[in-house]
Structures are given as C-alpha cells and as structure tokens.
Amino acid sequence: MTDLLTLIVAKYNYWLYVILMMIGLYAMIAKNNLIKKLVGMNIFQTAIILFYVSIGYKRDATIPIIQNAHGGNDTHAAVIHAVDYINPLPHVLMLTAIVVSVATFGVAMALAVRVYQRYQTLEEDELRMRLVDIGPEK
Amino acid sequence: MKFLGFIIVCLTGALLLYGTGEFPGWGDPHSPASIHLSNDYIEKAVEQTQVPNLVTAVLADYRGFDTMFETAVVFCAGLACFLLLRDFKEKKERFYRHTPTGVILHVKDSKKVLKTGKEFEHMDKDWVPSDLIIKTICRILIPFIQIYALYVVAHGDFSPGGGFQGGVIFGSSLILLAISYDLKVLVKRVKEKILGIFAAIGVLIYVGIAAICMPMGGNFLDYSKLAPLVPGDPHHIRALGMLGVEIGVGIAVTAVMVIIYINIVSEGRHEEGL
Chain B
1 MTDLLTLIVA KYNYWLYVIL MMIGLYAMIA KNNLIKKLVG MNIFQTAIIL FYVSIGYKRD
61 ATIPIIQNAH GGNDTHAAVI HAVDYINPLP HVLMLTAIVV SVATFGVAMA LAVRVYQRYQ
121 TLEEDELRMR LVDIGPEK
Chain V
1 MKFLGFIIVC LTGALLLYGT GEFPGWGDPH SPASIHLSND YIEKAVEQTQ VPNLVTAVLA
61 DYRGFDTMFE TAVVFCAGLA CFLLLRDFKE KKERFYRHTP TGVILHVKDS KKVLKTGKEF
121 EHMDKDWVPS DLIIKTICRI LIPFIQIYAL YVVAHGDFSP GGGFQGGVIF GSSLILLAIS
181 YDLKVLVKRV KEKILGIFAA IGVLIYVGIA AICMPMGGNF LDYSKLAPLV PGDPHHIRAL
241 GMLGVEIGVG IAVTAVMVII YINIVSEGRH EEGL
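Chains as they are written, first to last, in this note's numbering: chain B, 1 to 138; chain V, 1 to 274.
Keep in mind that the hints were calculated from the coordinates and are not lab data.
Don't take every hint at face value.
What the hints assert, rightly or not - Restraint ranges, calculated between C-beta atoms of paired labels, are given here:
1) 151(V) to 100(B): 23 to 29 Å
2) 7(V) to 48(B): 21 to 27 Å
3) 216(V) to 123(B): 29 to 35 Å
4) 29(B) to 111(V): 46 to 52 Å
5) 29(B) to 197(V): 39 to 45 Å
6) 19(B) to 84(V): 33 to 39 Å
7) 117(B) to 143(V): 34 to 40 Å
8) 48(B) to 151(V): 27 to 33 Å
9) 36(B) to 229(V): 48 to 54 Å
10) 100(B) to 26(V): 43 to 49 Å
As the list claims (entries may be wrong) - Computed list of lysine-lysine pairs in DSS-like fashion (alpha-carbon distance at most 25 Å, straight line):
11) 2(V) to 44(V)
12) 89(V) to 193(V)
13) 2(V) to 31(B)
14) 135(V) to 191(V)
15) 193(V) to 36(B)
16) 2(V) to 37(B)
17) 58(B) to 44(V)
18) 191(V) to 91(V)
19) 188(V) to 91(V)
To be verified - Which chain V residues face chain B? A few, computed with CB under 7 Å, are given here:
20) 2
21) 14
22) 15
23) 17
24) 26
25) 42
26) 59
27) 260
Note that the structure is predicted; figures quoted are calculated from it, not measured.
The beta-carbon is built from N, C-alpha and C at its ideal position, and this holds for glycine as well.
All chains should be built: construct the whole structure from the sequences, respecting the hints.
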C-alpha cells in the first residue's frame, strides 16, 4: 500500500491526467446524448493538452521567452542556457491542438444541429429508433 | 452498455497508469522531452530568428508548414459549418416592432416585407429587451477587448501572444456584441460576405508570404529571402515575416470564429439566435 502511495505522490500529475481522460472517454462511450458526448470529447482533449504541457515543464525554469532579448543586436553577448527555460515544443504542439479542438467542436456542433433539425432529438436510442422508422433518404 | 463502457475505461486507465511508472518525474530537467531538440531551439532561436518568444519562433518559423495547414484546418472548419447549416430560405413569419409605440406586428405573409428603418424594427420571435446595464458595459468593453486583441497579435514575437490567441480574442469581442445586443446587430455590422472574404484573405496572406520567398530565391517559407522587399534592418526580416504570417492567422481565426458562432446559434438563418 505504501509503495502504491509513494508511486502516486511521485507521479501525481500523470494520475490526474489519466483520471481526467477516463472521465472524457467514459462520457464518449456511455452517454446517450450527443452533446454530452461532445463535452466528453472536449474533456479528453483537455487531459491530453495538460499532459503535454506538463511534459514541457522543467524545475527552476521560466517561460520560453528569452529575457533581455528585445534590444536588438547586442543580445548575442549574453549566453542562453537551455536549463533556464522550459521546453517550448509542447506548447507549440498544444497551441495547434487547441485550435483543432475548437474547429472540430464547431463542426461537431453544426452536425448536431443538423441532426436535431432532421430528427428532432439528440438522444442516441431515439435517433436509432427514428432511423429505423424513416429509413434511408431516397 | 454503460457497464461495458465502464470496464473498457477502467482497463484503458489501468494500462495508462501502469505506463506512467516509466515516465520521468515532474519537472525533471533531464527528461527525454527536454534534452534533444528543445535545447537547440532555446539556445539558437534568438540568434537565428531574432524572436525572443520561442513559442512563436517555433510555431511560425521552424514549424511553419504545420501552422500553415493548421490555418487551413480552421478555414475548412468555418467552411464546413457554413455548408452544413446555411439556409438561404426566407422565413415565413416575421415580427416587426414599431419603435415609438412599442407595438409588435406579426406578419404571416412572407411576401409582405415592411421597410425597416426609423419607424419599424425587425425583431426575433421570442424577443426580450436587452438589459441596459449589460448593453452599456459591453459597449464600453468591446473596443478595449479589440485593442487588446490587436496588441496580442502585434506583440506575438516578444511577449505571450500570437495570431491564434489574438484572433480568438477579437472574434470573441464580436460574439460578445451578438450576445449582449442581438444577432441582427452583429450581422448588420459584420456582413457575412466580408467574413467569408476575410477568412480566405487570412489564409492567403500566410500562403502568399510563404510563396513570395520562392521567386526571391529561397525555399517555401524561408523568410530571410524577403529582405530586399522590406526597408529597414535586414537582420529582423525573419521576425517581420513571422509577424506578417501571424496577422494572416489572426484574420482567418477571427472570421472563422464568427462564422461558426453565427451559423450555429441561428441554425444557418442568420436572422435570430442568441
């Protein structure tokens, strides 16, 4: 038991993301309402974004904006140590991932609106029933 | 189904938690993610690109292709929302309000169109008068939000910010206008056609800046070859190229945000909504 506790305390950030991801995945699989599925998808994406950003973190380091580099050409004199700045790459990747998540969410909402316009419901079981009733569009 | 889903989720979670045992500790400076490429970026980016904000430098220069297609993805999302939802059919029933007296007219014949102007006002079916406090505060706030958005885009090279963030802030200021007043107020001020054109112009600015580098003798997205076109210190040409690209991204993201919002809240009719 103490072994497990020390493991959790040492890697608690990963445990948090995995739990968040499980919540999102459960919502995507088990929820009946399409909008709730979308919310689950967003929680899932948030977990992955947090996971990446935490990978980029370094102890005793600051944000990846070089200090005193605004002045122009005399900046080459100052030596930049990689230990002083956190990893910029996960931030870049997640910036694009956030934009993709907004885009996918927008398209998914548009599809949900279309589904509601046609079938007057967003519940999955009712949708399935109505699909059987109406049949494929001729 | 719920129980099966729960079991699947638990299995996935257990597998992932088992995997974390091999992961580096929290904030370890010697973790695999931060010993290879990232050190190169941190130590050489300012020298190579003159941009102190490393996130912008990596986003717009080292990984320029990625960001270009990212902007294309955003554009496609706006296009998809437009194509899925836009409905050009006129609604049959219309509601008008006589502004001086507050009398509401319900016009059932779609051919009879009242001229809106000083006397009559086109209104939503379930219209509630906007709160004066909300309207006034939003009217004061919106210009400042927009200035802030422009600042975030313009200073993306030197401080936290960039085209995506600034574009989203600018787009949300326009959405705030629609929420606090009425969707019609926004659609009247920002025409749908203009939004579509701006979304395309944003992507075009990015691709254009990247493509101009080719006749100048460089590769696609090689900003350093733009130096003869821009007066001033040729040393900063990469930073300027990135700024131009970020402006393009900002324009595209602003337009697409508003397109998505308008189409979703009004189910594509652009008449009434939130």
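Hints, one by one, checked against the model:
1. Separation of residue 151(V) from residue 100(B) is about 25 Å and conforms to the stated range, judged on CB atoms against 23 to 29 Å.
2. Taking the beta carbon of each, residue 7(V) and residue 48(B) are about 22 Å apart, inside 21 to 27 Å as hinted.
3. Between residue 216(V) and residue 123(B) the C-beta distance comes to about 58 Å, which lies outside the given range of 29 to 35 Å.
4. In this structure the hint that residue 29(B) and residue 111(V) lie 46 to 52 Å apart at CB holds, the actual value being about 51 Å.
5. Checked against the hint of 39 to 45 Å, the C-beta distance between residue 29(B) and residue 197(V) comes to roughly 42 Å, which is consistent with it.
6. Separated by about 34 Å at the C-beta atoms, residue 19(B) and residue 84(V) satisfy the suggested range of 33 to 39 Å.
7. Separated by about 37 Å at the C-beta atoms, residue 117(B) and residue 143(V) satisfy the suggested range of 34 to 40 Å.
8. Residue 48(B) and residue 151(V) have their C-beta atoms about 30 Å apart, which keeps the hinted 27 to 33 Å range intact.
9. At about 52 Å, the beta-carbon gap between residue 36(B) and residue 229(V) stays in the expected band of 48 to 54 Å.
10. Under the hint 43 to 49 Å, the C-beta atoms of residue 100(B) and residue 26(V), about 27 Å apart, miss the expected range.
11. The hinted pair formed by residue 2(V) and residue 44(V) fails the criterion: a straight-line CA distance of about 52 Å is larger than 25 Å.
12. This hinted pair checks out: residue 89(V) and residue 193(V) have alpha carbons roughly 17 Å apart, not beyond 25 Å.
13. The straight-line distance between the Cα atoms of residue 2(V) and residue 31(B) is roughly 8 Å, inside the 25 Å bound, and the hint therefore holds.
14. Using a Cα cut-off of 25 Å, the hinted pair residue 135(V) and residue 191(V) holds, with the two alpha carbons roughly 21 Å apart.
15. Of the supplied pair hints, the one linking residue 193(V) and residue 36(B) is violated, its CA atoms being roughly 33 Å apart against a limit of 25 Å.
16. For the hint linking residue 2(V) to residue 37(B), the alpha-carbon distance of about 13 Å falls within 25 Å, and the restraint holds.
17. A hinted pair counts as satisfied when its Cα atoms are at most 25 Å apart, and residue 58(B) with residue 44(V) qualifies at roughly 19 Å.
18. Restraint check for residue 191(V) and residue 91(V): the C-alpha separation of about 19 Å stays at or below 25 Å, so the hint holds.
19. Annotation: proposed proximity of residue 188(V) to residue 91(V) holds, straight-line Cα distance about 18 Å (limit 25 Å).
20. Among the interface hints, the one on residue 2(V) holds; its C-beta lies about 5 Å from the nearest C-beta in chain B, closer than the 7 Å criterion.
21. Checking residue 14(V) against chain B by beta carbon gives a least distance of about 9 Å; that is not within 7 Å, so the hint is violated.
22. Checking residue 15(V) against chain B: minimum C-beta separation of about 9 Å lies over 7 Å; hint violated.
23. Evaluation of the residue 17(V) hint against chain B yields a held restraint, the C-beta minimum of about 5 Å falling below 7 Å.
24. Interface restraint check: residue 26(V) against chain B, minimum CB-CB distance 5 Å, threshold 7 Å, status holds.
25. Interface restraint check for residue 42(V): the shortest CB-CB distance to chain B comes to about 4 Å, inside 7 Å, so the restraint holds.
26. Contact between residue 59(V) and chain B, as hinted, is supported at the beta carbon level, the nearest pair being about 5 Å apart and thus within 7 Å.
27. With 7 Å as the threshold, the beta carbon of residue 260(V) comes within range of chain B, its nearest partner Cβ sitting at about 4 Å, so the hint holds.
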